[in-house]
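Protein chains: 6
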Amino acid sequence: MMKGVPYLVAVAILALAFSLASAYDPSPLQDFCVAINNTDSAVFVNGKFCKDPIYVTANDFFFSGLNIPGNTTVNKLGSSVNLVKVDKLLGLNTLGISLARLDFAPYGLNPPHIHPRGTELLVVMEGQTNAVAFAGLSSQNPGLITIASTVFGSNPPINPNVLTKAFQLDKNVVDYLQKQF
Amino acid sequence: MMKGVPYLVAVAILALAFSLASAYDPSPLQDFCVAINNTDSAVFVNGKFCKDPIYVTANDFFFSGLNIPGNTTVNKLGSSVNLVKVDKLLGLNTLGISLARLDFAPYGLNPPHIHPRGTELLVVMEGQTNAVAFAGLSSQNPGLITIASTVFGSNPPINPNVLTKAFQLDKNVVDYLQKQF
Amino acid sequence: MMKGVPYLVAVAILALAFSLASAYDPSPLQDFCVAINNTDSAVFVNGKFCKDPIYVTANDFFFSGLNIPGNTTVNKLGSSVNLVKVDKLLGLNTLGISLARLDFAPYGLNPPHIHPRGTELLVVMEGQTNAVAFAGLSSQNPGLITIASTVFGSNPPINPNVLTKAFQLDKNVVDYLQKQF
Amino acid sequence: MMKGVPYLVAVAILALAFSLASAYDPSPLQDFCVAINNTDSAVFVNGKFCKDPIYVTANDFFFSGLNIPGNTTVNKLGSSVNLVKVDKLLGLNTLGISLARLDFAPYGLNPPHIHPRGTELLVVMEGQTNAVAFAGLSSQNPGLITIASTVFGSNPPINPNVLTKAFQLDKNVVDYLQKQF
Amino acid sequence: MMKGVPYLVAVAILALAFSLASAYDPSPLQDFCVAINNTDSAVFVNGKFCKDPIYVTANDFFFSGLNIPGNTTVNKLGSSVNLVKVDKLLGLNTLGISLARLDFAPYGLNPPHIHPRGTELLVVMEGQTNAVAFAGLSSQNPGLITIASTVFGSNPPINPNVLTKAFQLDKNVVDYLQKQF
Amino acid sequence: MMKGVPYLVAVAILALAFSLASAYDPSPLQDFCVAINNTDSAVFVNGKFCKDPIYVTANDFFFSGLNIPGNTTVNKLGSSVNLVKVDKLLGLNTLGISLARLDFAPYGLNPPHIHPRGTELLVVMEGQTNAVAFAGLSSQNPGLITIASTVFGSNPPINPNVLTKAFQLDKNVVDYLQKQF
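Chains as they are written, first to last, in the working numbering: chain A, 1 to 181; chain B, 1001 to 1181; chain C, 2001 to 2181; chain D, 3001 to 3181; chain E, 4001 to 4181; chain F, 5001 to 5181.
None of these hints come from the bench; they were simulated from the model.
In this text the structure is predicted, and so the values were computed from the model without any measurement.
All C-beta atoms in this analysis are idealised placements derived from N, C-alpha and C, irrespective of residue type, glycine included.
Hints are not guaranteed to be accurate.
What the hints assert, rightly or not - Simulated crosslink set (PhoX-like; lysine-lysine; CA at most 25 Å straight-line):
hint	chain 1	residue 1	chain 2	residue 2
1	F	5085	A	179
2	A	85	A	171
3	E	4085	D	3171
4	A	76	F	5076
5	A	85	B	1085
6	F	5085	A	171
7	F	5085	E	4085
8	F	5171	A	179
9	D	3076	D	3179
10	C	2085	B	1171
11	D	3171	E	4076
12	D	3085	C	2085
Claimed, not checked - To spell it out: a stretch of chain A is covered by chain E in this simulated footprint if at least three of its residues, at any positions, have a beta carbon under 8 Å from a beta carbon of chain E; those stretches are:
hint	segment
13	61-71
14	137-145
15	166-175
Claimed, not checked - Derived Cβ-Cβ restraints for the label pairs, each shown as a range:
hint	chain 1	residue 1	chain 2	residue 2	range
16	D	3055	B	1075	25 to 31 Å
17	A	37	F	5088	45 to 51 Å
18	B	1170	D	3106	52 to 58 Å
19	F	5087	C	2146	23 to 29 Å
20	B	1041	F	5171	47 to 53 Å
21	A	53	E	4172	17 to 23 Å
The whole structure should be built from the sequences, with the hints applied where relevant.
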């Protein structure tokens, strides 16, 4: 479940890495159930409401734009992730899979993180200087817990005394970290 | 569930297509359960037996060779599929995902087929003349039913009178098809 | 998963046949959840909405009419299937099972098909000339893919060049088949 | 879950009754996994070990004998149940369904019971004097808890003081019941 | 599944007992889905509708009051159960667990019962004269079938002739029991 | 999923806290499947092999010793956790639940951690100076990822350059942390 792609400079083309799953989505009860974005509704269900099937078209199962490289300069990590989950590709609802494109600048990295609802299977497409990888994830919405920002940047913050003791860090370092994230 | 990738010549780079799932693998009961190939044993379990965890290494979760194009000239369809499922990547056991590389010659195609235990999410990497795509599938062993060869090439064969009536075909055509597959 | 009941004339009374399952419905989260037919609503959920439990009665779990033989003369196959799934027996919602009555005229057959969300367990009640069978299916809505009509009669149609190549058929035969279904 | 088929004398032919499910079997991880009876082994798995697939034949998925009426005179209840679950039909392993034939003498009944791992969907085939019904159950091994014999006939017995208080019965009646079962 | 805690007077402090599960809740499809009580709605779903996530607070995952002993004098059994399931602790929705506090007067007991959708794991906190136990149950809504009152107190009642035969009881005793519950 | 119990000094008696689940164990396929510890075997299955049912006794479902307080002085955190999962209570196998006793010294804490295969529902039994809590977890083997030691103490270690960048920490602090754990 803990996963981090380190400096890709030395990684072989089309190598394969992955992290471990711990959950599977509930099975579908009909052939498809294209999600609707019910943002103006006050109620939600586990997963998503479905679009009326008579209005479903092939386009509900299609997504384009993964040919566009992500911007790896917007954060200090030198990486960019475009996760195509059920929110972006509505036809994925009830189907138990999603997809991501990852771009890495030289020495860029994807920080240690966890997908609580899915295994990630990663294919490195090309590497050396700039790198690109694709990943399949075994959930329509695999979730994401980025360790560093979740631990030190949660809102409301975790009591710094707890972090000081848990990480065996000086209180000043914890204060510094909580300001960073 | 029914899926066929037709002539890819006109398909955009990095387009996305997929088929519908109907099943999810049972959840894992421990962090990992790397499969062992128990070919000399007379017994099997649902899924796979696990390797002793003290002998598990990072390599059990790694597969290389997907950079090698498949041979698209060995059959009349002009395509080749390299499915990396639990048999090839033993660490996938209990983790609910697998991966395939698909190569297409010009006018090649992947014939209509069904994966009875998984959704397929397909990314077209490049197209026009020769084409290559990668697919994620939501099972460690999604299964494969190729319609034409299953219906006309099963062993023992389906009674030709049944096929004649079901497909509304001349008996001679059914006989011809059963010889082809 | 592939299944076809051929000429039943020679089949023994009360014999048993079945096809293979690949999926199980999500478990119930309450004692019952009788489906409502929300046809005037624009939204749907995976499965069905539930009727208010205070209005649920024993009749919601009861269905009659399976004593009436199906009409085996309406199609060229000489068979008739009455599938009692959640749409007809609303109490089946969340309970993971359905039922079918099958009638066969002499030399009638149920064409090769797949139920993508359930195993079928079939009991032949009586045979020889006219025949009747009952089947249990392990889903409230097992789905149905009839191979011949799905492949050759889909709307929009599959590109005939694809079918010609996949089935190794003359283009004229494919055109003929696409007109039949 | 609680279910009892009372006097069938007045029940219509081909009527339908059923009980509620609370569980679904884990999904299969391969096309089939025919059970083996490992009676001489000291170990077991959740479900069953599988037969080597190269020795699996069509007969593993076939069962005959359901045309034979059960003997309804061996107990005081005037009924007989022949449950075809995975122990009798080995091919049912991992497929999530089983089947039962029920015979009733006049005024016979199936006592209140529970199937903890499956919904039961029951079809009454014919009634009035002797009656016969078939039931589909949504598990390869649905389990059976017959209330009366489980409560009053368990081994070791439930403390009669507990039963006296729980059922608000005279201690003598509880003693009588514990001797009956 | 059948479970009854007899006279606790002799039970050791912090002993552990439990009953067997037969079902697991469907997995969550997002990080949380706090239930809403949609009592004024005419529709329901399997489980619960979710509260709008922007209004979810830590309090939705918190419950207090389990320090208050239950009243063990309101019924003849000398026990009291406070089951904290999804109806009382709305944050439990989709999370597959619930909790109960059980209080016992001297010679009190929890009558034989079944939780159709969950395993119960029970910790006896203190015993001898008055006793208290806590139980974890593996469902947000494990269900409850109390044998005695379900069999003899159902509404509408089970035909007394059925109960007479099933329990091998005198008709007068059955009539007496049906009046008690 | 991220969870840490901070200084319990101010926490009310019998308060309730919990973390979020993301997975459920596969359902049982028989009434029970008591685990065996197959330590001398070279093979394993998903979960555990089962003991021969004819040798199963009530003791397989019983565990004692939870009345003994844990030692909260062995580590710097001032806490102790006794997790009774399937390895300690063999009858839990296939039943989807486990249990923990937590002891806290004054100002003790349970460091931020994740149970990848289960929800945790926690009951604080008594607090103020020394504190004790019990927790139910919705898996027979919920797993444990303690964030600090997993990130900084993994073996082999995560490349310190990765951690420096991911946590925005000085390289010396990362080196210090990797030596601590």
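- Query: Failing hints, ascending?
  - Reply: 1, 2, 3, 4, 6, 10, 13, 15, 19 and 21
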